[in-house]
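**Student:** Following the hints, position chain B against chain A.
Quick note, the sequences are listed as chains A and B, same order. Here numbering that gives the first Met the number 0 is used: position 209 in the first sequence is 208, and no number is missing along the way. Here numbering that gives the first Met the number 0 is used: position 432 in the second sequence is 431, and no number is missing along the way.
Watch out, some of these pointers could steer you wrong.
Claimed, not checked - BS3-like mimics (lysine-lysine), calculated; alpha carbons at most 25 Å apart, straight line:
(1) A/Lys106 to A/Lys58
(2) B/Lys184 to A/Lys118
(3) B/Lys184 to A/Lys48
(4) B/Lys109 to A/Lys56
(5) A/Lys19 to A/Lys58
(6) B/Lys80 to B/Lys35
(7) B/Lys184 to A/Lys109
(8) B/Lys184 to A/Lys96
(9) A/Lys106 to B/Lys184
(10) B/Lys208 to B/Lys184
(11) A/Lys4 to B/Lys184
Claimed, not checked - Estimated spans, in silico, between C-beta atoms of each pair:
(12) A/Arg68 to B/Ala302: 40 to 48 Å
(13) B/Gly227 to A/Lys118: 32 to 40 Å
(14) B/Glu4 to A/Leu31: 26 to 34 Å
To be verified - Computed footprint of chain B on chain A, listed as stretches where at least three residues anywhere in the stretch have a Cβ under 8 Å from a Cβ of chain B:
(15) 126 to 135
(16) 146 to 157
(17) 195 to 201
(18) 207 to 218
(19) 249 to 257
(20) 265 to 272
Hint data in this document are derived by calculation from the structure and do not stem from the laboratory. Because the structure is a prediction, the values reported are computed rather than measured. All C-beta atoms, glycine included, are put in the ideal place defined by N, C-alpha and C.
The lines below spell out each chain.
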Amino acid sequence: MFRLKLIPDNPSFIFLNYFKFGFIFSAVLIVLSISSFLFQGLNLGIDFKGGTLIEAKSKSGKADVQQLRNGLQGNSFGEVSIQLFGGEDEVLIRIQKQEGDEQAQIKVIKEVNLLISDKYTVRRTEFVGPTIGAELTQKGILAVITALIAIMIYIWFRFEWQYSIAAILALSHDVISTIGFFAITSFEFNLATIAAILTISGYSINDTVVVFDRIRENFRRYKSWKQNDIINKSLNETLSRTIMTSLTTALALIAIIVFGGPVLRDFSAAMLWGVFIGTYSSIFIAAGVLTYVSLNRGEDDNGNVSKPEFEE
Amino acid sequence: MLHFEAWKRFVILSVFLAGLLFALPNLVSLPFLPGKSINLGLDLRGGSHLLLRADINAVVSERLSDIAEGIRISLREEKVKFKSLSSDNNVVSFVIRDDDDYSKRDNILKEFGDDFVVETNGDTTRINFSESGFIELQSRTVEQAIEIIRRRLDPDGTKEPVIQRQGVDRILVQVPGIDDPERVKALLGRTARLTFQLVDMRVTGAEAKSSGRVPPGSVLLESSSNDGQYYVVEKRVMVSGDMLETASAGFDQNNSPAINFSLNSIGAKKFATVTGNNIGRPFAIILDGLVVSAPTIRAQIFANGQITGDFSIQESNDLALVLRAGALPAPLTVLEERSIGPGLGADSIAAGQIAAIVGVILVILFIVLSYGIYGAMASVGLLVNLMLILGALSLLQATLTLPGIAGIVLTMGMAVDSNVLIFERIREELRRGRAIRDAILAGYSRAIATIIDANLTTLIASILLYVFGSGPVRGFSVTLGIGIITSLFTAILFTRMLIVLWINATKPKTLVI
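In isolation and in its complexed conformation, chain A is listed as follows:
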């Protein structure tokens, strides 16, 4: 019977040999992410920065970005960014936060509406005032930090502190590199991005937990094995599942990227990156870190706690 098998039946990769390359790759990735975040910065959307966004569709023919730009720039709205969005007949107009209070921001929407209404239909307007922008930023940061802590506590509760530390390192690695991904690609960083980051965290920890579960199980099964051999064996045993799940999730995400429309595109692209980095980190960071700490072997079947065995 035909079976699609991406991973051989009994894989025996020696992951231990590659951990150091993984660490180097991750170190480079983290440095790149942080420096890109610091020097290039994020392309913050109006959710966090405040400002106005207008999506408009040309009534006939293609949208003329240049003409729109000329028309809008002379109006002292400050920085106006116009780009095609989705098809060739749709544009996204972003207008920076205006001087003055909320009333001044609302006025802009009205004025732009008037200026473009003969050639374009306005399909969507979004306005986020400075107060709300600051609040959303605060809430977003809080959400990510709380999620990290909650997951760390859960892992600590279900496993032991060594696993918890390894998991949180892997998770921070994913969050930082995803933020770096947004800084480098200049994708818009908005509320949906926070959702993407939290989902990536959930996905990545999911992967990590599966590997950890197997390591714990194998500690009980192979009592005389060395810790590193157990970790390596566990990674091999879970490899097929890791790849399968990552691929099905990636397939679903690709469907959204291709067919889900422009609103979801950046969001799903970030998620796709997250699936890749989450899969990678559960092997090379989470399991990799575990090779450097000594793990409690847990209770054996008779309920005796065996002493950890030190390597080398």
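**Tutor:** Relative to the frame of chain A, chain B by itself:
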């Protein structure tokens, strides 16, 4: 024979049927089906989302200035000598000139009750809101504003807008299916405080404007039609908008748009008295602090009158509507606005549907190729999962947003994970040389702990998204959370039942998963 308890089959069947029952109204509309279809978010069906703030400070200063006027009148009636009565900086203060008058002052202030605190500092008396008084005022203001907003946006009670208090002084307004979001703002943008006040004849508006001096008891107000005209009107409000019985758009004798109104009995009585006593004097009609017009009283007027001014037909319609609905207790500021046209919503639904269908087909193709007939069973589980998500969303009347659809598609990808964990485990057990029956039992029992651990962590993330998220992000977290729970059901129970039934029916000699 693999055993599968009867009660479990019963539970699975019940959940399946319940899911079907609640999901069906989304696909077909049949009269005997219970429940409603899924509540689509504004991004899918189009509409306006506004976050407003009620300006409590404006209410406070207005209330304090009313109180200052009340105290002025009372002190005069009691013949108390006082000076420097003002209501600046959110505190009413005045100085009693004669020490013997403090008992009279205390009698007057007693009426104000617990909502205020009175401090005496030297010879100055200060009155301010107490903390409880302020909170009470705040709640009352926001609740009244919500009521007025509802009457303005939904006068016929058919549009189902969401109008909720958020936090201390904020109001969330969501109006589905509005074509012109500007109109919503136009309806909410004005307080619509209508008053009738007599024009002060001692000085003209132009004189007062240039000298900067206004006779005591009067104020200088601008004309609403932007023509640079000013009026000096008496502070005393003769008749106000809360005495309106009704208002409707109409036309004046020159055929330009106007608003016809009629007053209730109290208003009519006052109106008749004022107009009867002041024939020949101009009577200012003031809306939100601007003079709409100031016609001269020609004869005594009773209940019915007309407001003329510089209106378009749309303006006179809207104005009549807001006057009928009543004045907002406080001015509203828009903090956040998101409006989606109906065309974009329809496009998004179409795109979301295609993405979901393509995603599901790709995932099914992949698992059938990988696990054969068992992959097909997992795929049936996947479709049941999809149906259960739709059913749960309909049952909970949760809002489905575009990111919510993304959440569903993502769940489809991740839901397979549980099946993959189980299948891989069964493969391993088979390789270790276990019999079919044992391999399946061991595969399930070993994989379940891992599945629960792994899904709980994602559930934690989705709960946090719900707690901290707003709008679209919440929609995503709801479908992700529901999807995790339903996928646990389909993987651990539903697909397992299918596999057990299949094995028992075909009794294969070898198992190739």
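**Student:** Let me make sure I understand: some of the numbered hints might not hold for this structure. Which ones are they, in numerical order?
**Tutor:** 4, 5, 6, 10, 11, 12 and 14
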